[in-house]
Each structure stands twice: as C-alpha cells, then as structure tokens.
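Use these hints to put chain Z onto chain P, whose structure you have.
Same order as they appear, the protein sequences are chains P and Z.
For the first sequence, the working numbering begins at -13 and goes up steadily by one.
For the second sequence, the working numbering begins at -13 and goes up steadily by one.
Since the hints were made in silico from the structure, they are not lab data.
A couple of the hints might just be wrong.
Same chains, same names: a pair is fine if it fits in one copy or spans any two.
As the list claims (entries may be wrong) - Within a straight-line C-alpha distance of at most 25 Å, the following computed DSS-like cross-link-like pairs (lysine-lysine) qualify:
#, residue 1, residue 2
1, Lys148, Lys(-12)
2, Lys148, Lys9
3, Lys171, Lys45
4, Lys64, Lys165
5, Lys339, Lys38
Number of protein chains: 2
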Amino acid sequence: MKTISLLGATGSIGLQTLDIIRKQPETFELSAFSAGQNVEGARKIINEFKPKLVSVLNKEAADRLQFDFPDVKVCHGKDGLEEVAVFEQANTLVNAVIGSVGLEPTLKAIEARKTIAIANKETLVTAGHIVTSAAKKAGVRLLPVDSEHSAIFQCMQGEQEKNVSRLILTASGGSFRDKKREDLKNVTVEETLNHPNWSMGAKITVDSATMMNKGLEVIEAHWLFNLPYEQIDVILHRESIIHSMVEFHDRSVISQLGSPDMRVPIQYALTWPDRLSLPDALPLDLASIGRLHFEKVNFDRYRMLYLAYEAGKIAGTMPAVMNAANEEAVAAFLDRRLTFLQIEEVVERAMEKHQSIQLPELEAIIEADTEARALVRSFIT
Amino acid sequence: MKTISLLGATGSIGLQTLDIIRKQPETFELSAFSAGQNVEGARKIINEFKPKLVSVLNKEAADRLQFDFPDVKVCHGKDGLEEVAVFEQANTLVNAVIGSVGLEPTLKAIEARKTIAIANKETLVTAGHIVTSAAKKAGVRLLPVDSEHSAIFQCMQGEQEKNVSRLILTASGGSFRDKKREDLKNVTVEETLNHPNWSMGAKITVDSATMMNKGLEVIEAHWLFNLPYEQIDVILHRESIIHSMVEFHDRSVISQLGSPDMRVPIQYALTWPDRLSLPDALPLDLASIGRLHFEKVNFDRYRMLYLAYEAGKIAGTMPAVMNAANEEAVAAFLDRRLTFLQIEEVVERAMEKHQSIQLPELEAIIEADTEARALVRSFIT
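Next comes chain P alone, as it looks inside the complex:
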C-alpha cells in the first residue's frame, strides 16, 4: 500500500493525483493533504478520502475545519505544509504546490526519508544544489511528475547515466505558437489561458505561452538528470505526443509518447519501477493523429527560454530571482497590471539587477527571492 501525503491537493496535479488514488483504493491511500485557500475543496476531499491530517492556509479556516471534522488533525500555514510533508503514516510525498512555497516542505520530507514525487518545479529550480545533494545524502528518490521529466526518467530506465549524450525536451509552443513576436503585444489574459493541448492551472499556462515553463523544466532537468545545459535541448513539437527524448552516445534515441494525460506521469511516479493499468486513459493512436511536427526553437521569439538557460548557467541565486520575478510578473499579468510582453521585460530587468551568489544556503535563496519580488513590485506600481 502506498500511503500518500499530497501538497496542493486542490490544484490541477493534486486533483488528478486524487483521481488515481480514487480508482485504485487497494493500492493507494491518502493519508494527509494540504489545500491552501480552497477550504470547500478540502471539505470534499476529507469526506471522500478520510485522511488523518489536513492543512489549509489560514488559522481561521483551520479552526472551522477542525470543529467540523474532529477525527482529522487540521493544521495551517507554512508549518502545516511541513507537517503534511513529513506525516509519519505516509511513505510517499506528492509535492504539487505551485511556487517557491514548495521548497521547504521538500527539504523536510527528504530529512524524513520520504519517497518524493515532485511536481513543484520551483523546488529544483531555486535550490537544485541543496535538494539534490540532500536527497543523495539521505538516499531519497526524487521522482519527477512533470510529463517531460517523467518521459526522460522513463527513457532512462535500464540505461546508464554515462551513456546519455543529450536530453531533448519537447515544447508545444503554448497558446501563441502560431503568432509572431510582434503579434504578442496586445494579447489578452483569456487568449493566453487557452492552451491548445493541456488543461492546466493559470500560472503554468501563462508560463507555457512565454515558454518560461520550458525554461524552468530545463533547469529542473539539469538537476534531476545531472547534465550540463549544453546537453539539454528544447524542440518545438506542437502535438505534445512525444513528451521528451534521451539521446545516447551511440545516437540511439529513446522517447516516451502518449495522449496528453497528466495521470500517466503522476501514476508512474507512484508505481515506479512498476506500472499499473490506467483503464480510462486513452491509448495513443498515431494513425489517427497522422503527423507529428518538429521545429527548432527560436530564442528571439521565445526570449524567456533564453533567459532561463542564462539563469541556469549563471546558477547560484539567479534561477531563484528569475523564478520569483516571473511569479510576480505573471500574477500582475493575470491581474491586468502588465501586458504579456512586459512579463519578460520585468524578469529580464530583475535578473540584470541581481548579482548572483554561488552555492547559496537556503536563507540566501529566500532573501534573493524576497528581494526580487519587491523589485518587481516596484517596477509595476
């Protein structure tokens, strides 16, 4: 039995994780979860899954939930997230919160020697050196949940790291892949959120349109698979059928494919190295799809991807600054206080202003994150 603590249960990945648990109750059990501000969502999950521990954002909401569910332990805030992450009765943490708030619970879960299915990009992007060395030291497995990293992880099964010559991440190109750069000036929030292939949360859908999402994935891949940026490529592939590829020294390439369904990588992280059937998932029907398209990425068109490679190579606190600036800028865009192209202007300016500190401790990362957010807010208002 996999006993699961789930951070971010009411988000897109969280809900799909719950769907997997729901469908295979003989294999999976939800022991604990966090739900942020979505207290109504939390109530439904408690009623259905009967977990032992729940965390929400605010104390008031926590108190009300505790009153209504006396058999469940309810906690809240940052401490609550960490309590869920290290919950004793769970052997596996699924970290599906969005943003840099996911970092510290991951580190606590590593200390507690949980198996960690990681869907929170920021954990590795901002503190990859800390997280991967802590995981290595503790003998803890970081299992990727992102479809691209899961694809790479699946392609590496039975292979030796030394034989890998290149990772090739596929990118759909996001909502505006058929637009030129000059057409992006006046795009709306609604247009941005209309992703052609995947149904995801708002923040990641904007990141997909700017390709910051792919940039974060490149940095994440660098840490997860221990390869320099020169050996990590991105290719445009509009159908999102090939989820990513690994090239080996003999020029053989292994790829993972499938109909876009996040439950496949989520479940793989939970069952690895085994697989379980996923009965209502659509089989891949390449003959019906007919054609798969591939195209070189233009870094002028997708400047955010260029910035992410730069941040990754500069390393230190720079990826944290880039990520924090992006989170603030995307929030401002969704709030109609920035235009689409201003998101990247803001991120670039924040990066320019920052002097990276190499091999930073957690405190320095949090400080860089905080400063970058303040700086971005000063740009906007």
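Just chain Z, lined up with the frame of chain P:
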C-alpha cells in the same frame, strides 16, 4: 573483449558488423566468419581481420583459400557454417545469413551457450518454438539485430514483461508505398529494389516492398517478446525514424528513434546492456526532418502482411512454408520469372496446399520447407 563469430560476413548486415569491429578494435575481435559464395570478399576480410576460422560454400573455394592462408582454418558448406557458429574462441555469434540456412547453426550455438545476436529472421520464423525454448533451457540470450526488434528490446530495458500491452512495429511501406494495388502489376525488379530509406540486400528489399519483411518481423516479435499476435500491431511510418514502440498497461508508450543506420542496432546487440559511442553515426535531427507521418496499414493493399499474421496464428509448420515459398518466389521474381504480384499469389497457394503440423520437430520443419519449395517451383515452371 567481445570475440565474434560472424555468419554471413559479406552480406549487408555482415559488412556493417565488420565496420563496427574495425572501428573499435580494443572492444571487438573477429574470431571466425562465413562468406558463402563470396570468396573474394572472404580474402579481403581474412587479410584485414586475421580471423582463426573461415567457412565458404564450396569445397573447391575452401581448398584454394586454405592454400593461400595456411594460418587460418578453412571449412565449407553446412558443416562449415556450424563450425563457425560454435567456434570455441568466440563468445558471441552474429547470425547474419539470409534464409532458412541460418536455423541449424543457431541451434548449435545455443547448445554451445554462445550469446547470439540474431539478424537471421528465418531462425525464429520457422522454428521459434524450438529456438526460444532451447535458448531458455540453455540460459542463452537471443539479442535482436533487426532495427524494429532492437527498438522494442531497447524500449523494454528496465521494464517488466507483464506490463507490456502492445508492440507497435513501424513499416516504411517499401518501394511502392505511394502506389495503389492496381499499379503494382507491371512494376520492375529495378523499381522494387529502389528502397526509399534503407540500403539493404535484394531479397529483403523485395520483402520490404511486399511487406513480407514486416510479416516475418511480426512472427519474430511474437517469439522474441512472448506476446500473442493480437498484441502486435504494425503502423505505416514512411520516414523510418521511429523504429518501433512498446505500449504499457498505463498507456505510456516508449519508442526508439534514430537516423536509419543499421550499425546502431548491430552495435547495441554487441554491447548490451551497455552502449558504446558510434562516432560517425548521424545524430537524429527532428527539426530538420520536420514531420513524421503515420498511417493505418491496409491489409488488402499489403496482402503479404495479412498472410504472415495468418501463418503466425496457424503456427506449426505454416510459417516455415510461407517463408520457403516466399524465398523461392522472390528468387524467381529477381530472375524475371514471376511478376511482383505473383510473389504473393504463389505464397498464398503454397499456404493453402499445406496442412500445418503443430509443434513440429526440426525434421518436420525442414521437410515442410523442402516441399514448399518444390511446390512453388512446380507453379513457376
């Protein structure tokens, strides 16, 4: 050091195997080889690779070679093939002869507990039940060399057989893939031999155009990967970039891709489970290729594939009959004594006339083969 005995050294797979040995002399050594009728080819190989044992088809040629190369042991004929297959100083057999002549040396090599890289389709097609059970009993590995089976084998690394739901073999469609069935009546030998993607021997290029080649591969896959025919699909993929795929129960599909270069699967069979660099192999450049196409196979258009599935399902001696009839028919076509479409007519008639014997011994298989050839010759003359 991999010490290699190579059956069929002067054929297409044989020459590419020699190229791999040539380029990595610190890893591979040619200990023994057979060269059939190509005595000039044999001389060159002896001069370059200094093997210890050589076999050619005829006694006269063997005697001349023995006179010219007193330090090499030269043998001939069927016994010579078997002597090469079990040569004591070789740990690995590459069986790259064409046709059913490859069967008995494989069985001898299994008895001698060699690792076997198998490029000879007929071995598994005609006697799959004997070869796989002998290999299992002897604890001998059968490593596929065909690009499709190597692809499947690569995709299965680190995976469990029980989790496989489907094998998907890709088919280029051969020389006439853009022609309709009614356009095939008057196609010439020269047109048939003009394969769009792969440079291969004449027999296999004809088989590729009729799709008997894919049919043989389906039967081979059935034996190599221990799956019923209902779980083995063929899909048209004109670019031959995805070499084949494996679908698992969770609907995740793993595929192996690459520029068409037979040295990749040959070398993989020789280095498995490790990989070695193949410096002058072209890296896959999907952005330059731009598009990959996929299409359902029409069994009316490619009747030979239908016949092969039928022969596989009937099992027993039927695949041997189909294969023998096809070998004779293709030889007659190359000799301008049959038209292209008559190849499949002849194969179908031979199959209709045959009453399959289930779980046949080797003798029954050889007898069925012999009878089918005689029958086909009686159709033609």
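To see whether the hints hold, each was checked on the structure:
1. Lys148 with Lys(-12): between (32 Å within a copy, 20 Å between copies)
2. Lys148 with Lys9: So Lys148 and Lys9 pass the 25 Å test across copies only (20 Å; inside, 38 Å).
3. Lys171 with Lys45: For Lys171 and Lys45, the Cα distance exceeds 25 Å both inside one copy (42 Å) and across copies (81 Å).
4. Lys64 with Lys165: Neither way: Lys64 and Lys165 sit 41 Å apart in one copy and 66 Å across, limit 25 Å.
5. Lys339 with Lys38: neither (46 Å within a copy, 70 Å between copies)
When the structure is compared with the earlier hints, violations turn up for hints 3, 4 and 5 and for no others.
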